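There are 2 protein chains.
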Amino acid sequence: MSLEQTDEENSIQEQENQSETSHYRIPLLLNPWKPCRAPRTAVKEWLLKLKCCLGSVCGIEWYGYATLGILTAVLSFLMDFIVAMLLRAHQWLYMNLEGNILLQFLCWTLYPACLCALAATFSHNICPFSTGSGVPEVRTMLAGFEMPHYLSLTNMFAKFLGLICTLAAGSTVFLGKVGPFVHLSTMLGAYLDNLCTLIQGSTKEKAVPEMLVVAAGDGVASCFGAPVSGVLFSVEVMCSHFALKHYCPCFFSAACGALTFHLLSMWSGDGETLQALFKTNFPTALPFYPLEILLFVFLGLLCGAVSCCYLFCHRWILNFTKTNTFLLTVIPKPYSYTTKQLLTSLLDSRQWSSQSHNASVQLEPLLEWSSSGAPVFLSLTVFLLMKMWMLVLACTLPLPAGYFMPVFVCGAALGRLFGEGVAYVSSSGAILGQQWGSVNPGGYALAGAAAFSGAVTHTLSPVLLAVELTGQFSHAVPILLSALLANSVARSGHRPSFYDALSISKKLPYLPSLKKACPRLPSTPVGRVLGVKSVQLQKAAGPAEVQRAVNSSTEAQIPVVDSHDSQILLGFVLRSELQMFLCFVQKVEGRLDEVCCIHPTSVLLSPHNTVKEAYSILSAAGAQTLFVADKGRLVGHITWSEMKRILETLAAEI
Amino acid sequence: MSLEQTDEENSIQEQENQSETSHYRIPLLLNPWKPCRAPRTAVKEWLLKLKCCLGSVCGIEWYGYATLGILTAVLSFLMDFIVAMLLRAHQWLYMNLEGNILLQFLCWTLYPACLCALAATFSHNICPFSTGSGVPEVRTMLAGFEMPHYLSLTNMFAKFLGLICTLAAGSTVFLGKVGPFVHLSTMLGAYLDNLCTLIQGSTKEKAVPEMLVVAAGDGVASCFGAPVSGVLFSVEVMCSHFALKHYCPCFFSAACGALTFHLLSMWSGDGETLQALFKTNFPTALPFYPLEILLFVFLGLLCGAVSCCYLFCHRWILNFTKTNTFLLTVIPKPYSYTTKQLLTSLLDSRQWSSQSHNASVQLEPLLEWSSSGAPVFLSLTVFLLMKMWMLVLACTLPLPAGYFMPVFVCGAALGRLFGEGVAYVSSSGAILGQQWGSVNPGGYALAGAAAFSGAVTHTLSPVLLAVELTGQFSHAVPILLSALLANSVARSGHRPSFYDALSISKKLPYLPSLKKACPRLPSTPVGRVLGVKSVQLQKAAGPAEVQRAVNSSTEAQIPVVDSHDSQILLGFVLRSELQMFLCFVQKVEGRLDEVCCIHPTSVLLSPHNTVKEAYSILSAAGAQTLFVADKGRLVGHITWSEMKRILETLAAEI
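Chains A and B are the protein sequences, given in the same order. Numbering follows our numbering, with no gaps: position 621 of the first sequence is 621. Heads up, our numbering is the position in the second sequence plus 654, with the first residue counted as 1.
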């Protein structure tokens, strides 16, 4: 329940492990069949000493959390590095074809198209589970369901390579890496969890290993070096109840990841010290006028409304399957910048509209927003419409790709458009007769980014992400207000979020999403959806009946009833114990209750309990099997796999 | 389970309410006995219209959340205002007694002593439950236990006035207002919850009203205008599982509170726009050298170690009860500054040690840290030792008072001491042969504050509080690292946190704290601690037996068994239905199962379930009564009050 429980359990485990290791050591040293006995023994002795030494500082799993954070950050940095190289190769090729328009066009379109095709091929042939962002699948796993395909090594390989191709297709496909990194770090987490379990030697089974919960927070933290928003994102997206015992491990791992990411960036020559990824320089003396808060509130409502349109289009297009990749690569030629360039320019604190008016004050070039002669407003609007429509199309591509960052950039463009409008109107003194000289459109861009991405994903953590990405704290309160209002608009009318829509379209057994599609689903009584009655034994069962039960059941726990007529549930026996019982009474006669221990059942459900109650008790009890009894009589049982079947059946009925 | 469930339930409720209001309207208009019919009718009609109008935008409870945030912020501002006036009166009195040392001494000591005595009198006579910070009690209530004394109107009154007196005793007693404000906002929340329930007309009973959870986050947010850390503090301190459906309401209310607090500060002349409470101006170009991260890590470990000493002293002194208030008011004369002055000076980015060396560069006076001739290090050390010892003593005073902010300041002083040392050593070029010219001791002070207060309370939210209080984001990663390491040191060995120690000493039925005092407590089987068997009925019970049961039981649900011999649990009947049954069959004979509906039990526990499992299922199921059955036979029942009795019994055994 609480954080300290883990420590306590660990210390007990440690003692057990230490006693176990001393037991194990003797057969290890005496094993005469393997070669190189002396060196192997020396290495193993040394490893055992290392383990004791490490374990005396803190639990082995804490090293796992640190390793997880660091590895994810290294992967993220490596990916950024490779992608930057591929992008530079593309530009170099394009430049070298100067003079031949046709070849340049083909280079511009075919290079990303080939990369996309490569990514799609990887996904299709190596592991079809690696497409998409992975966030809906990860949260289904964190809810307690086993989905081994999504944690396999091939999936990790396909996802990593596919994501590099997607990102190298660059601004043209304009997709992000947040979601896939959450998935990648979860896979890493699953391996590290296995490793830790191996080192600790414990075989305790949990529905959801703690390492996976920690890994989900690492994804965001390692992509942007933003630990706080990473943890909060995983809290918000990943579970409906957050257990506080995961809080410290999550922050610890995320801090390790963020630190590694920042240090790697620094060493690769990005700066003299650790700093925010998209560092801004907003004026701090007067970041905004108090009355502007009303405008931020209005921007929040606007973002909420736009997000509703976007999500509607997204749900609509999820009904179709594939679109033409080539189409996407051709269109967006005028705005071919990386996310970093786009965000840096959008979050600039100077006004573009006044700059294009006042040509004498020519500062650094701000990409091409106003230099092409078109007014800033027009170019921003065109950019926004194009990018949003393309983003809707891109969601259907069978690629490993993230959709969070593109949404964030769209929100920034929307906010910038609004902010430029405010700056234009206020500098002409039209509002309330007073002139606001120094309205900062960058602040609106930041608020728009947080509000829009928050509304699309139904989360508030983009507020902290906006703060952590820019290192800009002065606008925190107005950004929070914008995001809250955008969320309230987006959530009204039980509309599904972006991830909910994906869950529903993939028919994943994730209850909170299914509830959006069918509000009555969680209140279905368990009795109505229970499967065929499980194998049961009566307490007077002989070896023949036990043999039949062992053969016909695959469950670990087999219920025992008073007699087949009365059906009064007495408890359960373990399948492993039954197999021992069969060896023991092979010839003689013996009754079940005389030889086997009948374990008392822990929690009993009634058939009148709703699916939602069964789901939450399955999570809270930490049990693997819940028996359902009506007035003391056995009716059925619920396990995680049974719950998965129930939810999938109910989802198919929608 | 998720956020949307609330919306959905609300919309259903709203429809019900609307139909109910149309029902209610007719008797209202026809009621002939009350005076002023016409105006009353008009007002009620108008109110009903207003309610419909408000309810059409969003649920009534959202107005409640906003009101809660705003009211708490207004209370906080009002308190600050009154306290500032009382402090100024004290200074004025002291100044006017210039020349008479004895009178000055008496004024200096008696004024705060009288205020403390007044606060203690308020607490003792009006409401003895108003002493202390209130955080341990609030989290016990949020865990599901009813403690009506702690939410009474007299308690709120006594706490508010008592807290004003405590704070006005000022730097001399050196106590904060965070904890009491969490308690005050919870009381406000309880009233607003009643009001909302009244307006909505629903009678649905919940173990913990949502408004209370929201209120817990408001306390911190409204004290400092820090919404994010306010919500995270309540998440960390208040519960062992955080339900995500509370996330948006918490942030909404906290944002309203923070905005109100900032606006009130602004209007009272504190600045031109919204800004952080203790705004700092750290250099942004090179906030810290990368190698300094190691020093921050070391500072975290140091803070963790010091927090262990502090908590040990705190637990030790909790065994004694009262200390002499007069003693406290006499000692701290040399350091009589408000928290704001102290923090502003401690977080200054300039080096004091070099300043006192280089007298030619005389900047603004930095309080008295180095002007009295003593070296900076000595005066900081003396300050730190004095304040910490006084703080340990102050915890035993029977006053409404918070201990978070004093701990935060102590941490800042510890960090400053460390930072000054680093600055001194580095400017003399002793580290690694390279000279760091611009080491910022203020950054260490900030990290120290977050790490020490985090270690004492076993939380990480002070990291965000440090960022929100100062608006300084550049040091976020090192501060987080310091706080994580300090936490890991403080939590090792299952030591109780500050609030745990208070919970244990007050014998509150809060499981996570009790677990620290007695690790075996949560795994006690329920069967061992169940109270006397509850009243039960057999299904063939006649009116006489039912009458006896209704008279002897006070539970809302009375279990029904097959027969008193077999004890097979069939379900339960509601006490209210039994009373109707008695009216109905007063004379004729009738069997219980023929006349009453026997409701099926929802979740059944077994006597082998542990106390912890029962506790978590009671929370997860949202049920008021859980029956305990062994092999179908009724053994007992568990309600929140029964659980409270069990935990209090177990706590008494410690």
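If you are wondering where the hints come from, they were derived from the structure by calculation, not from laboratory data. Remember, predicted model here, so these are calculated numbers, not experimental data. Cβ atoms here follow ideal geometry from the backbone N, Cα and C, with glycine treated the same way. Warning: the hint list may mix true and false statements.
[Stated by the list, open to error] Over the 10 Å line for every Cβ pair with chain A, so calculated as not near, a few chain B residues:
hint: 1; residue: 881
hint: 2; residue: 882
hint: 3; residue: 971
hint: 4; residue: 1204
hint: 5; residue: 1263
[What the hints assert, rightly or not] Computed beta-carbon distance windows for the label pairs:
hint: 6; chain 1: A; residue 1: 284; chain 2: B; residue 2: 845; range: 36 to 44 Å
hint: 7; chain 1: A; residue 1: 290; chain 2: B; residue 2: 743; range: 45 to 53 Å
hint: 8; chain 1: B; residue 1: 690; chain 2: A; residue 2: 519; range: 41 to 49 Å
Evaluation of the provided hints:
no.	hint	result
1	881	violated (6 Å)
2	882	violated (7 Å)
3	971	holds (23 Å)
4	1204	holds (23 Å)
5	1263	violated (6 Å)
6	A:284 with B:845: 36 to 44 Å	holds (40 Å)
7	A:290 with B:743: 45 to 53 Å	violated (31 Å)
8	B:690 with A:519: 41 to 49 Å	holds (45 Å)
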